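Next come the chains, spelled out residue by residue.
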Amino acid sequence: MNWEIKTVAMFASEALREGYLGAAGYIILGVVAIAGFLAVLGMVLIYAERKVAGHFQCRLGPMRVGWHGVLQTVADTIKLFLKEDIVPFQADKVLHILAPLFTLLGTLLVLAVVPFSPGMQVADVNIGVVYVTAVGGFGVLGILLGGWSSNNKWSLVGAMRAGAQIISYEVSATLALLVVVLFSGSLKLSDIILSQEQGWWIWRAPVVGLVGFVIFFIASTAEINRTPFDLPEGESELTAGFHTEYSGMRFAFFFLAEFINMFIISAIAATLYLGGWMPFHIGGLDGFNAVMDLLPPGAWFAGKTSFLIFVLMWFRWTFPRLRVDQLMRLEWKILLPIGFVNLIAAAFMVMFGWYYGN
Amino acid sequence: MSVIVSSLEQRIRADNLKESPLSTQEYFVNMGPQHPSTHGVLRMVVKLDGETVREVIPVLGYIHRGIEKMGESFGYRQFVHMTDRIDYLSALINNWAVSMTVEKAAKIELNDRIQIIRTIMAELQRIQSHQLWWGVFGMDMGAFTPFLYGFRDREIITDIFEETIGARLTMNYIQPGGLMFDIHPNFQKRVKDFLKYFKPKLEEYETLLSGNVILQERVRNVGIMDAKTAISIGATGPVLRASGVKHDLRKLDPYGVYDKVDFDVPVGRIGDCWDRYWVRIEEIKQSMRIVEQLIDNIPEGKTMLMKPAVKIKLPEGTYYSQVETPRGVLGVFVVSDGKDKPYRIHLRTPNFNNIWSITEMSSNWRLGDLVAMLSSLDVVVPDIDR
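Heads up: the protein sequence lines correspond to chains A and B, in order. Using this note's numbering, the first residue of the first sequence is number 2, and each one after it goes up by one. Using this note's numbering, the first residue of the second sequence is number 7, and each one after it goes up by one.
A hint or two may mislead.
Straight-line Cα separation of at most 20 Å, EDC-like style, residue types lysine to aspartate or glutamate; simulated pairs [unchecked claim]: (1) B:Lys207 with B:Asp165; (2) B:Lys205 with B:Asp265; (3) A:Lys154 with B:Glu61; (4) B:Lys198 with B:Glu168; (5) A:Lys154 with B:Glu57; (6) A:Lys154 with B:Asp265; (7) A:Lys154 with A:Glu236; (8) A:Lys334 with B:Glu223; (9) B:Lys110 with B:Asp265; (10) B:Lys75 with B:Glu61; (11) B:Lys53 with A:Asp326; (12) A:Lys7 with A:Asp125; (13) B:Lys207 with B:Asp265; (14) B:Lys113 with B:Asp346; (15) A:Lys154 with B:Glu32; (16) B:Lys291 with B:Asp265; (17) B:Lys202 with B:Asp265; (18) B:Lys291 with B:Asp270.
Taking CB as the label site, the calculated pair distances span [unchecked claim]: (19) A:Pro207 with B:Arg158: 36 to 46 Å; (20) A:Ile283 with B:Lys205: 44 to 54 Å; (21) A:Asn152 with B:Glu223: 26 to 36 Å; (22) B:Pro42 with A:Val75: 23 to 33 Å; (23) A:Ile168 with B:Asn227: 26 to 36 Å; (24) B:Asp265 with A:Val71: 55 to 65 Å.
Simulated from the structure, these hints should not be mistaken for laboratory data. The model shown is predicted, which means the values in this text are computed figures rather than measured ones. We treat Cβ as the ideally placed atom computed from N, Cα and C, and that holds for glycine.
Pulled out of the complex, with its shape left as it was, chain A reads as follows:
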């Protein structure tokens, strides 16, 4: 099957030949689409999280606002809009106001390259994987600034934890990403997806793919500060960690960024290891592949991503939290060595072509 990749950026550059106005229109379209998607996705994810949590905990979750509480997040958003925006006394005002924006910006920029389906992507950057890692690391800046500028020791402890944690786990996440880059031979996200037409890397690269996926998933969970790695927030330890002093919309920005990040790492993990929008194919079985193609690529992407998001929620409502030193030990003494060995193994496998469907 021939997949035709179309992105908003492509349309924009085509329109540029005819004039600036059309290109600007496309760019605005892309930005509005991302912003709208961000808001809607945030609400859907928060609702999903509360429902999942409710059912995990033998209760129903939100039930009152709208049918089965579907409007609960809308009501909460309105409440957050109307709340007073408090800046603590003697806080670094400028940084305090900027910090949540930085965090949100980091997630917003990553969304631009997430391939939803062949025809739905804002920009298909040729260094996609590098872009995702680089821009995704932007969020830590906001967290550090937020903790520092709040003029609160608890916030600062949370921010320092976040800084150490995110920077450490980024190393492992990147090593795991490189495994797929080696196999697919490209940094471009659409190329990586197309390289999985004969099967997803999680099983086409025997063992190495699975190990890489697990490492990436664990490291990314730590990177977005979710349980069991929610030390920067550490509700029972630091009250709310780096966003203790935030209220109203600025708190909502942190909150939104956290949930969008959850989507992003699920989407990236799905793209790299589970084929993204590529239907489940087994190289050689054309009949089977044709049946799988009946489902549109967008649905495949949505299914895989929601499954991974569900797993993340599952983690959150099951596991206790790690301790600071255990967190660092897990990264530097366990994940990182395994990640390196995995990368070297992957390199040999690519060199000798020891993978399925070669």
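Chain A is fixed; fit chain B onto it per the hints.
Coordinates of chain B only, in the frame set by chain A:
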């Protein structure tokens, strides 16, 4: 309290003098009085070096209500109603402690029906308290789900209490001379239903939290307190038993019908957070064993042996009795001058002693461990301050 605060200020000043360009600066944070994991209004001044806890100073008194002083202007029967406010998770056992002191002084022999119902109620209360502790412990460890599981199962016992007693938390059922009312006709059936329901649920508790590798990493060998320290602090209850001391008043100084039932006292090995956790889980099992033995053997008889409307007057003298609450030894000391009100009432509450073990065990552990240790002590703050 003022002594502690002033010495604290001196210590802050002394530390800043030592500051050199190469050393990191230690800093103080207030953990509480408003903090999610201090379980109320306990304030701890924590000296931190980065994440490492150097010193913990509990500052008490934020919920001091003068219950002992109030006791001097209440009759004995009235004072029982104060006791469910000191340690609200063991209301019935606290009732029992005061009632027992009065009965000892007034030399009232209780019949078996009263004693057995009291024992069943006390053990149900112990299960309920440990269920709540388990949930809160999970939450302090960062897992939110155990909290709701604990509450879900606790609700059943609370409903059983409500049916007989009428209250759910601040219960006044055990009175000097007997019980306030007879048990509800459904009581035995519902308790048996609960036991049948809860046994598999306890397995679920173990698979959800106890067996989790992260929890094991967090609690094993953390916050070790040896038996000698525990005794010197005056710790009692699961905190002391976890350190390896087989001290349980239900065995050592039996009251109620504890000398007639068969149960074990679980004892920990080294006194770390895991031992304290394990001891409490085992205690739930033992309490269920006790209830199982007694629930079918409630004899007939009167449930109140004193005239309820008459003011109780105790002969002159001092009286002391103690019970084993879910958190340790609750002692009630009464000085009577022969009037209908006590001259002085003193309560020896378990948490007041247990809380000081945090100062012994916490140094050089991390901030997260401090929360784990505090939670493993199972403090109820109104019980510390009274």
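- Message: Hinted pair, alpha-carbon criterion (20 Å max): Lys207 of chain B, Asp265 of chain B. Please report holds or violated.
- Response: 29 Å, violated
- Distance restraint between Lys291 of chain B and Asp265 of chain B, which requires alpha-carbon spacing of 20 Å or less: 18 Å, holds
- Task: Starting from Lys334 of chain A, check that the Cα of Glu223 of chain B is at most 20 Å away, please.
- Result: 15 Å, holds
- Please work out if Lys154 of chain A and Glu57 of chain B have their alpha carbons no farther apart than 20 Å. 11 Å, holds
- Query: Does the alpha-carbon distance linking Lys202 of chain B and Asp265 of chain B stay inside the 20 Å limit?
  - Reply: 25 Å, violated
- Query: Does the alpha-carbon distance linking Lys75 of chain B and Glu61 of chain B stay inside the 20 Å limit?
  - Reply: 33 Å, violated
- Taking 20 Å as the top limit, are the C-alpha atoms of Lys110 of chain B and Asp265 of chain B close enough? Judged against 20 Å, a Cα distance of about 18 Å means the pair holds.
- Message: For a C-alpha distance cap of 20 Å, please report whether Lys154 of chain A and Asp265 of chain B respect it.
- Response: Cα-Cα ~53 Å, so violated.
- Query: Has the hinted range 26 to 36 Å been met by the Cβ atoms of Asn152 of chain A and Glu223 of chain B?
  - Reply: With a Cβ separation near 34 Å, Asn152 of chain A and Glu223 of chain B satisfy 26 to 36 Å, so the hint holds.
- CB of Ile283 of chain A to CB of Lys205 of chain B, is that within 44 to 54 Å? 47 Å, holds
- Message: With the threshold set at 20 Å, check whether the alpha-carbon distance from Lys154 of chain A to Glu61 of chain B stays at or below it.
- Response: Holds: Lys154 of chain A and Glu61 of chain B sit about 17 Å apart, inside 20 Å.
- Given the hinted pair Lys198 of chain B and Glu168 of chain B, is their alpha-carbon gap at most 20 Å? With Cα atoms ~16 Å apart, Lys198 of chain B and Glu168 of chain B stay inside 20 Å; holds.
In terms of the numbered hints stated before, the structure departs from hints 2, 6, 10, 13 and 17, listed from lowest to highest.
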